[in-house]
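Those protein sequence lines, which keep their order, are chains A and B. Under my numbering, the first residue of the first sequence carries the number 1, and numbering increases by one thereafter. Under my numbering, the first residue of the second sequence carries the number 1001, and numbering increases by one thereafter.
These aren't lab readings, by the way, just hints derived from the structure by calculation. Don't be surprised by glycine CBs; every beta carbon is placed ideally from N, CA and C. Take the hints with a grain of salt, since some may be wrong.
To be clear about the criterion: a stretch of chain B counts as covered by chain A if any three or more of its residues have a C-beta under 8 angstroms from a C-beta of chain A, and this derived list gives those stretches [stated by the list, open to error]:
1) 1083-1090
2) 1096-1107
3) 1118-1128
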Amino acid sequence: MSSARVADACVIACAEIYRGNGEILANPTVGTIPFIGAKLARATFEPDLILTDGEAMLVTDDHSVGTGNGHPGVVEGWLPYRLTFDVVWAGRRHVVMGASQIGCNGDTNISSIGPYEKPSAQLLGPRGAPGNTVNHLTSYWVPNHSRRVFVEKVDFVSGVGPARAARLGGRAADYNDIRFVISNLAMIDFKGESGCARLIAVHPGVTVDEVREKTGFPLQGGDRVATTRQPTPEEMSIIQRLDPKGLRYQEVST
Amino acid sequence: MADKRTTEAEIVGELEDGMTIGFGGWGARRKPMSVVRAILRSPVKDLTVVSWGGPDVGLLCAAGKVRKLVYAFVSLDSIPLEPHFRLARQSGSVEAMELDEGMFYWGLYAAGLRLPFMPNRAGIGSDVMRVNPGLKTVRSPYEDGEELVAVPALNLDVAVVHMNRADIRGNGQFLGPDPYFDELFLMAAKRRFMTCERIVRTEDFAREGSFHTLKVTRMLVDGVVEAPNGAHFTSCAPDYPRDEAFLAHYAASAASPQAWSDFRRKYLDVEEADYQRLVVQR
Chain A
1 MSSARVADAC
11 VIACAEIYRG
21 NGEILANPTV
31 GTIPFIGAKL
41 ARATFEPDLI
51 LTDGEAMLVT
61 DDHSVGTGNG
71 HPGVVEGWLP
81 YRLTFDVVWA
91 GRRHVVMGAS
101 QIGCNGDTNI
111 SSIGPYEKPS
121 AQLLGPRGAP
131 GNTVNHLTSY
141 WVPNHSRRVF
151 VEKVDFVSGV
161 GPARAARLGG
171 RAADYNDIRF
181 VISNLAMIDF
191 KGESGCARLI
201 AVHPGVTVDE
211 VREKTGFPLQ
221 GGDRVATTRQ
231 PTPEEMSIIQ
241 RLDPKGLRYQ
251 EVST
Chain B
1001 MADKRTTEAE
1011 IVGELEDGMT
1021 IGFGGWGARR
1031 KPMSVVRAIL
1041 RSPVKDLTVV
1051 SWGGPDVGLL
1061 CAAGKVRKLV
1071 YAFVSLDSIP
1081 LEPHFRLARQ
1091 SGSVEAMELD
1101 EGMFYWGLYA
1111 AGLRLPFMPN
1121 RAGIGSDVMR
1131 VNPGLKTVRS
1141 PYEDGEELVA
1151 VPALNLDVAV
1161 VHMNRADIRG
1171 NGQFLGPDPY
1181 FDELFLMAAK
1191 RRFMTCERIV
1201 RTEDFAREGS
1211 FHTLKVTRML
1221 VDGVVEAPNG
1231 AHFTSCAPDY
1241 PRDEAFLAHY
1251 AASAASPQAW
1261 SDFRRKYLDV
1271 EEADYQRLVV
1281 QR
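Pulled out of the complex, with its shape left as it was, chain A reads as follows (with noise of 0.2 angstroms):
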C-alpha cells in the first residue's frame, strides 16, 4: 500500500462517516473526494445507501467521477430540488457542506465574512445549512485546512453546531447531529467537553502538532489520537475505477 496518498485516505474518511447509515440519501454537495467517498461507502460496506447524480436523479451504478453528462446511470429514482426538502424535513439525508468558517462550538458559515449590512467577503448565502443541521446527518469537507477556517467564533451562523441545537432543545437539539469534519489533514468532531471541537484522527504522514497549528482554537483529545486508516488493496482497486483521472489528487496534492 506504498502508493497510497493523503488523498486516498481522505476518500476512506469520507466514506467511514456513512457507516451504519442504511438506507438514506447519501449527499455530498462539494468538492470530488467526498463523492468519491459516498461511491466507495456505497459499493463497499453501506449497499444501500441512496445517491443522486448531482442533479435530480437518484442513480445506482459507481459510474466515475468527472465524466460528465454523458452517463448519467442507472436511474432508480427522481429527486428534483423541491422534493428533497421532503427528505430532508424528513430527516434522511446525511449531508456532507463546504465551510468557508468553521467554529470550535461546530457553528459553520458559508453566507459572508464581516457585517452582515455591508461584508467584507460575500459568500454563497445560507442556503439550506440552517435547515439541514437542525434536521438529520451533516458532515463537512475542508480541502484546505487553516486558521482561517478553522476560527474561534464564525462571522455568520449558516449551520448549527450541537452547542447552540442543544440551547435551542426539543425536535432541534434531537435531529442536529454533525458527525464529522473531514479536512485534508484531519478528522475533528463535536464530541469534546461542552460540545468542543475535538480531533479523532490524522491522515498518514500528518502530525497532531501540524494540525494544531494550523486550527485557530485549541482541539481537545490530541493525547490519543488515531491515523486515518489506508485503503485496503480491494479498495484501492475500486477508488481507482471511480476515478480514474485522478482528480482526487487535484483536491488534495499530499
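Fit chain B to the known structure of chain A by using the hints.
Okay, now just chain B, sitting in the frame of chain A:
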C-alpha cells in the same frame, strides 16, 4: 380561447419602480434571461428581487436596478460565487434578506396559498434569525409546544419563468431534469409571465414529453413570450447547455468598472435580436 402571447417589452412596460419581482429557474439554470435583459435596457429601478440567485441577480445588481434581494444563495454553478452580486453586497448598495433554502421555498408556497406564513424548523438557531429581525417564531399550539419559524409569505408583484415549451394559452412544459420552483413563483405573484423556447400547439405537447412535464397550467399565467435561446447564457436542458465560455466572460466583467462597461455596451445595450446574433457569432 385567450391568446396570451406578448413580448418582453410589454412585460417590462408593466413594471414600476419599487416592485417585487420573482424569477424562476435555479442558479445558472433555465433563467428567464431575455426578460432580465429587457429590464436592464429599461428605466425601471429600486426592485426587490426574489430568486434562487444566478446571473439574473448579478446582472440586475451590476446595472443598479436592485434595492433589495431576497435569496438563500446566489451562484453561477460552475463559478460558485457570483462576482457582481458580491460587489453589490460588499459595497453595501443592496439590502439583503438571506433565508435558508427551505424557508425561501415555504415563503413562496405560503404566498401562493394565500397564507400569512408557514411554520418551519429550518432557520431556528441560525443567524438567519439574527440578521432578519422581522422574522418571528410561532409556538406549536399542541402539547409538544415546539418553537418554529413563522416563515412570512413572499408575495410577489410580478413573476417571470422560462420553460422549454408553451402554448398560446399559457400552459407550460419543462423538459429538463428538474422543474425547480417555477410554478410556485407564478402562484405567489399578482402578474405572471412565462417565456419559452418554442410555442407549440396544445396537441403537440405530448410529442415533446410525457404529461408529467406539463408543470405550469394556464390559470397561473397572464402572458407568454416565445424567446428562443431566451435563457442564454444559463442552461435550458435539453434544448441547450449553459454557455460556459460566455458565463466566464460575464464573470470576468466584474473585474473593473471598465470591464463591466465594455461588457454592458457590447451585449446589454442592444436589442435581444442583436444580442442573440452576437452570442452566436462569438
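Hint check:
1. 1083-1090: Answer holds; 4 residues pass the 8 angstroms Cβ test.
2. 1096-1107: holds (count 8)
3. 1118-1128: With 9 residues in contact (Cβ-Cβ under 8 angstroms with chain A), the coverage given for the stretch 1118-1128 of chain B holds.
Every hint from the earlier list agrees with this structure, and none is contradicted.
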